[in-house]
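Asks: If you want the building blocks of each chain, they are given just below.
Protein chains: 6
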Amino acid sequence: MRKDGRKNNELRDVHIDKNFIIHPEGSVLITVGQTKVICNASIEDRVPPFMRGEGKGWITAEYSMLPRATEQRTIREASKGKITGRTMEIQRLIGRALRAVVNLNDLGERTIWIDCDVIQADGGTRTASITGAFVAMTLALGKLMNDGKIKKMPITDFLAAISVGVDEEQGEILDLNYQEDSKAEVDMNVIMTAQGELVEVQGTGEESTFTRAQLNSMLDLAEQGIKSLVEIQKEALGDLALLVEKNANKQGE
Amino acid sequence: MRKDGRKNNELRDVHIDKNFIIHPEGSVLITVGQTKVICNASIEDRVPPFMRGEGKGWITAEYSMLPRATEQRTIREASKGKITGRTMEIQRLIGRALRAVVNLNDLGERTIWIDCDVIQADGGTRTASITGAFVAMTLALGKLMNDGKIKKMPITDFLAAISVGVDEEQGEILDLNYQEDSKAEVDMNVIMTAQGELVEVQGTGEESTFTRAQLNSMLDLAEQGIKSLVEIQKEALGDLALLVEKNANKQGE
Amino acid sequence: MRKDGRKNNELRDVHIDKNFIIHPEGSVLITVGQTKVICNASIEDRVPPFMRGEGKGWITAEYSMLPRATEQRTIREASKGKITGRTMEIQRLIGRALRAVVNLNDLGERTIWIDCDVIQADGGTRTASITGAFVAMTLALGKLMNDGKIKKMPITDFLAAISVGVDEEQGEILDLNYQEDSKAEVDMNVIMTAQGELVEVQGTGEESTFTRAQLNSMLDLAEQGIKSLVEIQKEALGDLALLVEKNANKQGE
Amino acid sequence: MRKDGRKNNELRDVHIDKNFIIHPEGSVLITVGQTKVICNASIEDRVPPFMRGEGKGWITAEYSMLPRATEQRTIREASKGKITGRTMEIQRLIGRALRAVVNLNDLGERTIWIDCDVIQADGGTRTASITGAFVAMTLALGKLMNDGKIKKMPITDFLAAISVGVDEEQGEILDLNYQEDSKAEVDMNVIMTAQGELVEVQGTGEESTFTRAQLNSMLDLAEQGIKSLVEIQKEALGDLALLVEKNANKQGE
Amino acid sequence: MRKDGRKNNELRDVHIDKNFIIHPEGSVLITVGQTKVICNASIEDRVPPFMRGEGKGWITAEYSMLPRATEQRTIREASKGKITGRTMEIQRLIGRALRAVVNLNDLGERTIWIDCDVIQADGGTRTASITGAFVAMTLALGKLMNDGKIKKMPITDFLAAISVGVDEEQGEILDLNYQEDSKAEVDMNVIMTAQGELVEVQGTGEESTFTRAQLNSMLDLAEQGIKSLVEIQKEALGDLALLVEKNANKQGE
Amino acid sequence: MRKDGRKNNELRDVHIDKNFIIHPEGSVLITVGQTKVICNASIEDRVPPFMRGEGKGWITAEYSMLPRATEQRTIREASKGKITGRTMEIQRLIGRALRAVVNLNDLGERTIWIDCDVIQADGGTRTASITGAFVAMTLALGKLMNDGKIKKMPITDFLAAISVGVDEEQGEILDLNYQEDSKAEVDMNVIMTAQGELVEVQGTGEESTFTRAQLNSMLDLAEQGIKSLVEIQKEALGDLALLVEKNANKQGE
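Residue numbers (the numbering used here), protein chains in the order written: chain A, 966 to 1218; chain B, 966 to 1218; chain C, 966 to 1218; chain D, 966 to 1218; chain E, 966 to 1218; chain F, 966 to 1218.
Hints may contain errors.
In this list, chains with the same sequence are indistinguishable; a pair is considered to hold if it fits within one copy or across any two.
[To be verified] Under the rule of at most 27 Å between Cα atoms (straight-line distance), these lysine-lysine pairs were calculated in the DSS-like manner: (1) K1148 - K1021; (2) K1148 - K1215; (3) K1199 - K1211; (4) K1148 - K972; (5) K968 - K1148; (6) K1211 - K1108; (7) K1114 - K1021; (8) K1021 - K1108.
It is worth saying that the hints were derived from the structure and are not from the lab.
Using the sequences provided together with the hints, build the complete structure.
Replies: Below is the structure:
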């Protein structure tokens, strides 16, 4: 049993509050244990200069933490005047992951801006951001369909993300909180579709190494966790989930 | 009657949710109509270099808006690499206002960091930030007292802020929402204590001017609005409010 | 009597040297006691992108201090690579104030750039900047009329600014020098037209508060000071003053 | 057969020129096909502030490309005034990877600065950087031992990195050049020790996904490639290689 | 005869107004034709970190132009957030030149900050800055002697600077104004002591070249111009000039 | 005899490796003693905005040093987020020098980007950069002619650069290495054409001064050194050298 009473393959409590903020086209608050992220999706009716005229869309993400999302106050990146390497890595990851499940041609020459703002952090903020951002993006695309601006849902499958790791005592564990993450020997983030296809695997030995057997055990845990997350996404999305499911099934054929 | 049905001297609905985020020493979510601001207060056990060795404390504030707090997405200041003049003005204002009601000697060599993050904006974000930040700061100082780090509450009086303005058709109005603010001829922010003392008055003609009579009518409205806001602060603070009240009464003698 | 022998309602010596620098369309050196500011007005034949095509003009201001304008050398903002919050506040204030007395439609699609460079500082630099910038702007607009580029003077009234404050011993005082400003309990900047209309009121308790009675006394002092400043502006402007006066009288009718 | 005549499991030609530059404590030029990277290791006799007094060392890396390392000239990061997200990701990756095979306690309070400067790029610059940087670092540590500053070689095992990917037509391939990388559906970087332990796995579907079977095939290819790279490292290092081997064998027991 | 009526070897009118600004330890306004530069010298009682403990002083310079010093308004470097290459070159040049005539050991562990702010520009701003800065620095060092902080004048000789050039029609000319500078084929700045020793020679063909004969003619003109400038410096400095002269004579022996 | 055995008028060994890097239109590695600089020339088919429509070309240069080009590691300018004054001076110098020997009209609306990256430094990096960049630029222009994009070679003469100086013991010396440069009293860079025309002369007393006689001796040395450098350039350029020679001869007539 883990410090917080969970089994090795157990997720923390996950909630997705839909339409959290009124202005964005899609908005959710995702809660994973004590981690809370506001995920907003905004639609802009043009693409970046390097893509103009191709008839394709684009998805880009920004990520930030409130200074007191963390136990110790962290300095605002706006005050420092630059974005840290960690933030850049995460926002590139979020954008890349979401683009893997969107047919950018069906989106048309539009940009989806994803904003993930962590208001409370307890480990797993980047994976919670991706899981929440998927729902916010789907809501925004649902709105685009409602407004008659696109004819079909451009999303090809559900997408969720989770962290796994190796703990010295517990072995392979799912969904690490901050305390677990700090002492893990191996830390891995897995992004997968509902069909079990991998989108991104990032495993890192923290001043340590790991075997292929450990890699496989971690992937097993992640697959299971992502299945559960997709169920929670479907529930939050209601009828919109059906449109995504239809696309995913076609693909799976 | 105004567009949203309010009378000229009527505030929007105001709520203060206490302990909104777990990590900060003091944390509230303040809601003023559709405007929502997370106000966090952090205690740091040292002061900036220019104040060291004087035995006095310091209070400083930072303010930011989520990109989709607004109807149109605004670019993150962290991405631009610099803070706008508007943000600087607001964070200087918040810090200055709070320092006016804190006995910095009683605080000791500590810094209170105030973070006001607007997650949804509909006018009056700077005044809502001040009203909410006052409560977050009081909670943090209550915690310092509980932890035995300071002996007496350093806050000398309640402090709240509200906007007033002159509308071409309505005349002087209290607590402008975004739509009203956009078309107001005069825009004024007033910061006051519970005793009715002024801490800051900033009145601006927007490509326009105003008379001293109008200034006085606006101040009357503001005084009334601030009285109501202080009542809501007291309710949110519960027993802690009594400590502040005691100090204020002593001062008033 | 004050430290420098003035009465509470007495301005320092004020001089406005016209055509101080040869290149700008309008240029003055304003001297208020020991405070000296070069105010230049430049005309650019286009407006910022967000205003194009509206047929209206724009006025924007920049403010800076030479490193040794102050008793201690201050670091150049260019060397630091960013502008301080104080500078941003002041340049926004100057631009906003001047726009309040200019009919931007009569200006046409032109930008007036105001540059206020403090070469020697002894308190009141922002109010001296506004009072001097008004004259520089009027000179530049006079040149535009002479050149036949605009048909009528777009300025609707004279505009001047002055500081007032509350001193612990002296009570309310007019036109604070640096020493007085450093120890004032309340500091207020007032910007007014010749007709006595308010354009901006910014009153701040410096770790202190003030009453509405004090506010009113300070406004009385300011009104009187601004009347004197306008007389000095008129003298500097000579015949150009008559054009502004004519507009102001029309407005006052 | 691939475009350049290689088999799917075939590396490009790899050369490591030792002591390429005279000033650094360790310096190599690594050539992988047309990709050329100068890898320098510098020893500094102190650690960053956050680590002082712990008796441990630190390893940090910087990565850059000459503007014409690429077919189209890229703008210098120094001219832009900021480092791109891609560069940050790579330099964090290099530092993290090397730290995994160094006993930081044996290093003592010293920092090893790794500088990887790509002078010619044709895909795989980050993995070539790691493979070359390992050799540069070992040379620098060999010098520290020669100088009597450390008693034992702090490196625990050989470390090399290689890219693998999935090509639409070729299937899984090893060591992608730029052209292959541009059209690959999946791109994965693998960092491994000579003992076959994983240090980092980063697999990414490029607007695409991949199965666990594909992941396994790619890992098989990578393992084989890294074995060959380690042989080339050993040859370059000569006698120094024996010291690392001894440590690795002890660990493997 | 030149456009402005001068002979080829004729300086423009030069004036040096002493004690122009009240706060700096040394302050002059230098006027060379239409070029006007405020030169201030500030004494700081410490040296930069890299020089501490050596018992030697340091001299550093900053240079800037008011936006409307020029015929077209130039953007402030503070607004751009960075200093141009031209400004950097000039401020490095001023500091280096002054250091050549100061015995830094006699100065003690102090920094002299030179600020040259061009308020009106008509060519030759960098040479006017050096000529004026020399006087401001001497005044500041005179004050240090008066205050008993240093025992002897650390300046070893007078120093002045002037521009020379080659004009297509006029041949070699002295002290170019802006118009002449814009069309000159060769532009050279010469910095010399009263003893005729060279401190800096910077000659540049502007998309053109020049012969050694032309170089020599230009140096002849410069030598003559600098002699005249030193006389004007001496007059401005009064008795202080004698102390410098004494040092220069000793050196010349 | 100098420390490294050279005579006062003796260059170090100079080598120019042609086509060092594959991607640029022109590329050389120049070696001057222990100083090594990669010089790349890139052709871009447009000019900066301020030159468009004039039918003329432009040449611009960038310069950088690898962190361990020097004996002590220097911080990357990209990491600091800004370019030092020294770098700016050097890149302005390189661009200006090359433009002096190119007929920009014959180049057409194209930009030549020169990148000089010092990989190993031992004094004279800026002069080696210019001498090498001239060859890289000529190679790139040769390619433009081969591709039929320009009809005639726009280069009007050979151009090379060398440092000279005054050593306390040796007197005037040619081509200073780092050690000599550090202790030189006078440091001068000379840029000349094969015809012996001066393009740039920058002589600086390092906390010291120099006489016109010394200036002349240094120029004599430089002239001799540059003759030798031009021979090495001609050898590296092979047949392309003839095209430049033809232009130079025409000019010389």
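Asks: Next, verify each hint and record whether it holds.
Replies: Okay, the hints, checked on the actual structure:
1. K1148 - K1021: between (43 Å within a copy, 18 Å between copies)
2. K1148 - K1215: Intra 43 Å, inter 25 Å, cutoff 27 Å: inter-copy only.
3. K1199 - K1211: within (13 Å within a copy, 54 Å between copies)
4. K1148 - K972: within (17 Å within a copy, 42 Å between copies)
5. K968 - K1148: This pair counts as within: shortest intra-copy Cα distance 12 Å, inter-copy 46 Å.
6. K1211 - K1108: Result: close within a single copy only, 18 Å intra versus 54 Å inter.
7. K1114 - K1021: within (14 Å within a copy, 35 Å between copies)
8. K1021 - K1108: For K1021 and K1108, only the intra-copy Cα distance (19 Å) is at most 27 Å; the inter-copy one is 37 Å.
No hint from the list above goes unmet by this structure.
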